[in-house]
Structures are given as structure tokens and as C-alpha cells.
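Enquirer: When we follow the numbering used here, the leftmost residue of the sequence shown carries the number 1, and every step to the right adds one.
Among these hints, one or two may not hold up.
[As the list claims (entries may be wrong)] Here are the computed distance ranges between Cβ atoms for each label pair:
1) 29 <-> 61: 40 to 46 Å
2) 63 <-> 19: 19 to 25 Å
3) 57 <-> 34: 37 to 43 Å
4) 66 <-> 1: 31 to 37 Å
5) 3 <-> 32: 24 to 30 Å
6) 8 <-> 87: 32 to 38 Å
These are calculated hints, taken from the structure and not from any lab test.
Bear in mind the structure is a predicted one, so any value in this text is a computation, not a measurement.
Every residue, glycine too, gets a C-beta built ideally from N, C-alpha and C.
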Amino acid sequence: MGDQQKASAQWEGAYRRFTEASERSRYSGPDDPDAACRLASAYRSVAWSWRQLASIKTIPWWAKAAALHAADTFDQEASLCERVADSSATRERSSERGGNRP
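Use the sequences and the hints to build the structure in full.
Expert: What follows is the structure, given as C-alpha cells:
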């Protein structure tokens, strides 16, 4: 299997896992930390796969640019999900310490 075929197979697997995580999170609330963690991980995996495709020396420059742009977009979405997960965890820790008392 060549580099491009291997990278394509990795991307397909990552995108399939992203789709599954997205489907599982469809009915979750916008601040559900579990859903946010699942999605963040899936977004990062797809971003990594896009970068693997972009690193192939034989792909045209425009395909490399498109793959890198897609990777950046997936990383940005992962960062948003990570912020949701982090803020939920912070609220939970604060609540456990009595930070929400009147």
C-alpha cells in the first residue's frame, strides 16, 4: 500500500469515527462535557489525518493547501469542544468545593 493509499485509509477511519461521535452527540446539550470530549478527540483525529495527507510529497500544491486548511478547521472545532469540556469541568470542581453557594 502506497503512502497516499495508507493516508487515505487513515483519513477514512478518522472521519468515520468523527461521524459516529457526531451522531452520538446529536441530542446532547451544547455544554455536555462528555459529548464535547468525544467530539474534540474525533476532530483532532481528523485534523491529524488531513495533515498526513498534506505531507505526501506527490500530491499537488492545491490539494496540500486544501488539506492543511481542512486540518486547521478541524483543529479549531476541537478547540471549541475542549473549551466546553474544560469549562464544564471547572464548574463541576467549583460546585464540589461549594463555589456556587449564595
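Enquirer: Confirm or reject each hint.
Expert: To see whether the hints hold, each was checked on the structure:
1. 29 <-> 61: 40 to 46 Å: 42 Å, holds
2. 63 <-> 19: 19 to 25 Å: 22 Å, holds
3. 57 <-> 34: 37 to 43 Å: 40 Å, holds
4. 66 <-> 1: 31 to 37 Å: Violated, at about 23 Å.
5. 3 <-> 32: 24 to 30 Å: This hint is violated: roughly 38 Å between Cβ atoms.
6. 8 <-> 87: 32 to 38 Å: The hint (32 to 38 Å, Cβ to Cβ) holds, given that residue 8 and residue 87 are roughly 36 Å apart.
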